[in-house]
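Undergrad: Residue strings, one per chain:
Protein chains: 2
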Amino acid sequence: MTNRIAFLNGQFIKEENAFLHISDLAIQRGYGIFDYCRTSNDIPVYLDYHIDRFFRSAELMHLQLPIAKPEIISIIQQLISKNVIPNSGIRMLLTGGYSPDSYEVVRPNLVILQHPLHLRPAGLFEQGIKVITHEYVREFPGAKTINYSMGIWLQQKIKESNAVDVLYHQQGEVSEFPRSNFFIVTKDDVVATPKKNILQGITRKKIIELASNHFVVEERIVTLHDIRTAKEAFMTSTTKRILPIVQVDNAVIGNGQPGQIAALLDKILEKEESVLLQ
Amino acid sequence: MTNRIAFLNGQFIKEENAFLHISDLAIQRGYGIFDYCRTSNDIPVYLDYHIDRFFRSAELMHLQLPIAKPEIISIIQQLISKNVIPNSGIRMLLTGGYSPDSYEVVRPNLVILQHPLHLRPAGLFEQGIKVITHEYVREFPGAKTINYSMGIWLQQKIKESNAVDVLYHQQGEVSEFPRSNFFIVTKDDVVATPKKNILQGITRKKIIELASNHFVVEERIVTLHDIRTAKEAFMTSTTKRILPIVQVDNAVIGNGQPGQIAALLDKILEKEESVLLQ
Numbered sequence: 001m002t003n004r005i006a007f008l009n010g011q012f013i014k015e016e017n018a019f020l021h022i023s024d025l026a027i028q029r030g031y032g033i034f035d036y037c038r039t040s041n042d043i044p045v046y047l048d049y050h051i052d053r054f055f056r057s058a059e060l061m062h063l064q065l066p067i068a069k070p071e072i073i074s075i076i077q078q079l080i081s082k083n084v085i086p087n088s089g090i091r092m093l094l095t096g097g098y099s100p101d102s103y104e105v106v107r108p109n110l111v112i113l114q115h116p117l118h119l120r121p122a123g124l125f126e127q128g129i130k131v132i133t134h135e136y137v138r139e140f141p142g143a144k145t146i147n148y149s150m151g152i153w154l155q156q157k158i159k160e161s162n163a164v165d166v167l168y169h170q171q172g173e174v175s176e177f178p179r180s181n182f183f184i185v186t187k188d189d190v191v192a193t194p195k196k197n198i199l200q201g202i203t204r205k206k207i208i209e210l211a212s213n214h215f216v217v218e219e220r221i222v223t224l225h226d227i228r229t230a231k232e233a234f235m236t237s238t239t240k241r242i243l244p245i246v247q248v249d250n251a252v253i254g255n256g257q258p259g260q261i262a263a264l265l266d267k268i269l270e271k272e273e274s275v276l277l278q
Numbered sequence: 001m002t003n004r005i006a007f008l009n010g011q012f013i014k015e016e017n018a019f020l021h022i023s024d025l026a027i028q029r030g031y032g033i034f035d036y037c038r039t040s041n042d043i044p045v046y047l048d049y050h051i052d053r054f055f056r057s058a059e060l061m062h063l064q065l066p067i068a069k070p071e072i073i074s075i076i077q078q079l080i081s082k083n084v085i086p087n088s089g090i091r092m093l094l095t096g097g098y099s100p101d102s103y104e105v106v107r108p109n110l111v112i113l114q115h116p117l118h119l120r121p122a123g124l125f126e127q128g129i130k131v132i133t134h135e136y137v138r139e140f141p142g143a144k145t146i147n148y149s150m151g152i153w154l155q156q157k158i159k160e161s162n163a164v165d166v167l168y169h170q171q172g173e174v175s176e177f178p179r180s181n182f183f184i185v186t187k188d189d190v191v192a193t194p195k196k197n198i199l200q201g202i203t204r205k206k207i208i209e210l211a212s213n214h215f216v217v218e219e220r221i222v223t224l225h226d227i228r229t230a231k232e233a234f235m236t237s238t239t240k241r242i243l244p245i246v247q248v249d250n251a252v253i254g255n256g257q258p259g260q261i262a263a264l265l266d267k268i269l270e271k272e273e274s275v276l277l278q
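Protein chains in written order, with the working numbering: chain A, 1 to 278; chain B, 1 to 278.
Hint data in this document are derived by calculation from the structure and do not stem from the laboratory.
A few of these clues could be false.
Computed list of lysine-lysine pairs in DSBU-like fashion (alpha-carbon distance at most 35 Å, straight line) [as the list claims (entries may be wrong)]: (1) K157/A to K14/B; (2) K159/A to K82/B; (3) K157/B to K195/A; (4) K157/A to K196/B; (5) K205/A to K187/A; (6) K14/A to K157/B; (7) K206/B to K187/B; (8) K159/B to K69/A; (9) K195/A to K159/B; (10) K157/B to K205/A; (11) K195/B to K196/A.
Just chain A, with the same shape it has in the complex (with noise of 0.2 Å):
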């Protein structure tokens, strides 16, 4: 255990004496929802959006948050001052409370989290990621639940098949992965990224955002199909930033070489992030 404060319903106490009764509704039933933005150098990553996504992701699931965004705001402050752990992923959680029928929600626990952060691997960028594909759609893509049955599930597949992460699609159409948007590059430089099935990732935004002073950017379907003609393919998040892919199943993507697309939005966007933090 470590020395970690964290803020639970309304106290910041020890991360290690952070515990919810058995009968709250995540625990009963999975019933919650979260969100998770990162620090540098002690300021928060587009917390703003974060925020905003965390507070829709509650009404979309009819949970009520007990405080204000501004007081959210200022606890992830407090957390940050008290814990001092300058590069952080942030975890806001919101749980269907504890229900004494073990079905109703209640009022929700808040709970709030600063950890060391555990970004993309050294080396894994230059090398790009083999991921495997699965049939599966969330069943509230739209809302950051803590719902992950699905991909855990994955992990031993995942594993067994010498890959990093699983692809999700819809007979074809494929979203997402479980913790990260999905872009490819096709051989016209085009940049395309589902638009059906998937959280709105904040990366995501910023990428699209970026990406349209240099290249043509569709938020469209994209294929399995698409996917085997595509001169890169790479995926997004707040851990992340952004991950080529070199192979999906059995098809290799491109050369088999992380994409000099790829590498130029990172850049970019590695540059807009040291620009907002200055």
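Based on the hints, put chain B in the right spot on chain A.
TA: Relative to the frame of chain A, chain B by itself:
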């Protein structure tokens, strides 16, 4: 809070003190399985079936039970002695454990709870219930996972529709309720129940066995159209036993009254249980 005793990871403790650390994979990722059986006059009903299914669910979800079946039976017997709740519900819950990276399944946490039983409300059997339908298949139909996000999320729609529950279907082929199985009786007195995309309910299994002595019973595809032409419909579960359904969406079933075959099967099931419990 109450004075009830719960079992948590090898210890009997007061239920009000039964907490899980927020790193548990149920809280972080909604990852866990459970089972639920009933006691009647301090005797667990069909306990072997429930424990077998609990172990099957664990295996399907790649979770390792920390103890063997006889030990679980012994713990349940001890809970029954300690709590003195003759007619109770016993909930066995196994979570993904305290995961260091909030994603990898580790050593599971095992919780066993005993609560007073909430059987079907008096008069509900005689009145029958209205249900609505919703297109959805549980992610792991064969496993009793803790993921009830859809069932809980639909509670608002159920209440707005003056209904009691929601029947899942996929492209018109019905499967199950969030916590119950489904049966119809055709105009030709065939008792039919969906075969695919369902949890193998213990009460469903008993009804199939007992009904087979009196009627043709079919496990097969049941469509929304079949329901509209059915003479009777009912749900089965551990807590409800049989509950007649008199309306599905806007379709009134039969003459809008609970059916005679549902009533007969309920009596036969009650009798079988009373013999078992002697």
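Undergrad: Would you mind marking each hint as holding or not holding in the structure?
TA: Results of checking the hints against the structure:
A hinted pair counts as satisfied when its Cα atoms are at most 35 Å apart, and K157/A with K14/B does not qualify at roughly 40 Å. The suggested pairing of K159/A with K82/B is violated, with an alpha-carbon distance near 45 Å, which exceeds 35 Å. For the proposed pair K157/B and K195/A, the alpha carbon gap of about 27 Å is at most 35 Å, so the pair holds. Restraint check for K157/A and K196/B: the C-alpha separation of about 24 Å stays at or below 35 Å, so the hint holds.
Using a Cα cut-off of 35 Å, the hinted pair K205/A and K187/A holds, with the two alpha carbons roughly 22 Å apart. About 40 Å separates the Cα atoms of K14/A and K157/B, which puts this hinted pair outside 35 Å; it is violated. Proximity of K206/B to K187/B is assessed by CA-CA distance (about 23 Å); at most 35 Å being required, the pair is judged to hold. Restraint check for K159/B and K69/A: the C-alpha separation of about 30 Å stays at or below 35 Å, so the hint holds.
Taking the CA atoms of K195/A and K159/B, the gap is near 32 Å; set against the 35 Å cutoff, the hint holds. In summary, the hint linking K157/B to K205/A is supported, as the alpha carbons are separated by about 32 Å, within the 35 Å threshold. Of the pairs offered as hints, the one joining K195/B and K196/A holds, with about 31 Å between alpha carbons and a cut-off of 35 Å not exceeded.
Violated hints for the displayed structure, listed by number in ascending order: 1, 2, 6.
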